[in-house]
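Number of protein chains: 2
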Amino acid sequence: MVDVMLKPEILDPQGQAVLSALPRLGVSGIVGVRQGKRFELELADGVEADGAVLARVEHLAATLLANPVIEDYQVRVEEPAAEAAG
Amino acid sequence: MVDVMLKPEILDPQGQAVLSALPRLGVSGIVGVRQGKRFELELADGVEADGAVLARVEHLAATLLANPVIEDYQVRVEEPAAEAAG
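Protein sequences, first through last, are from chains A and B. All letters in the first sequence, in the order written, are residues 1 to 86 by this note's numbering. All letters in the second sequence, in the order written, are residues 1 to 86 by this note's numbering.
Careful, some of the hints might be misleading.
[Stated by the list, open to error] Taking beta-carbon pairs under 8 Å as the criterion, some of the chain B residues facing chain A (in silico):
#, residue
1, L25
2, G32
3, V33
4, R34
5, G36
6, D50
7, V53
8, R56
9, E58
10, L60
Hint data in this document are derived by calculation from the structure and do not stem from the laboratory. Built from N, CA and C at the ideal position, the CB exists for glycine as well.
I would like the entire structure built from these sequences, with the hints used as guidance.
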């Protein structure tokens, strides 16, 4: 799982749009909204999320998934069972 | 924190694009990529992420942040300290 968020100092118009829609929906108590992206990477059967694989995913995140100039990213491992809902 | 992902049966062209770029980057062992959105909602000082607040955020996720026809969403609480990286 790779989470990508705009850096805090970068303006986030999508988050701002959500934030400004909240009063219209009668929601209070929320003072900030930031929108980002998430990527679920599914590993092949038998491939363990060990250090080497995570290093590869980290490299991927920095080169393909995120733009390190304006975005922060975070790689984390999630078990398949922990997925989904809605 | 609200995570929004396309339902598994919905085609995800962005994820497909990432997946098809992997061999070019020399990355193997990844068999699936799905791209989604994540929203960080910051609560006002003194507002606890209790049941009532989570119910409001859940409602928000279903009406504003996600399209329940094609997307699944998941609301979870994250402590501010657990944030960031990159």
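Results for each hint:
Hint on B:L25 holds. Least Cβ distance to chain A is approximately 6 Å, under the 8 Å limit. Interface restraint check for B:G32: the shortest CB-CB distance to chain A comes to about 3 Å, inside 8 Å, so the restraint holds. Interface restraint check: B:V33 against chain A, minimum CB-CB distance 6 Å, threshold 8 Å, status holds. Nearest Cβ of chain A to the Cβ of B:R34: about 4 Å, under the 8 Å cut. The hint holds.
Below 8 Å, beta-carbon pairs count as interface contacts, and B:G36 has one with chain A at about 5 Å; its hint therefore holds. Interface restraint check for B:D50: the shortest CB-CB distance to chain A comes to about 11 Å, outside 8 Å, so the restraint is violated. For B:V53, the suggested interface contact is upheld, since its CB lies about 6 Å from the closest CB of chain A, less than 8 Å. Because the closest C-beta pair between B:R56 and chain A is about 6 Å apart, less than 8 Å, the hint holds.
Given hint, B:E58 at the interface with chain A, is violated; its Cβ is 10 Å from that chain's nearest Cβ, farther than 8 Å. A distance limit of 8 Å between C-beta atoms decides the matter here; for B:L60 the minimum to chain A is near 6 Å, and the interface restraint holds.
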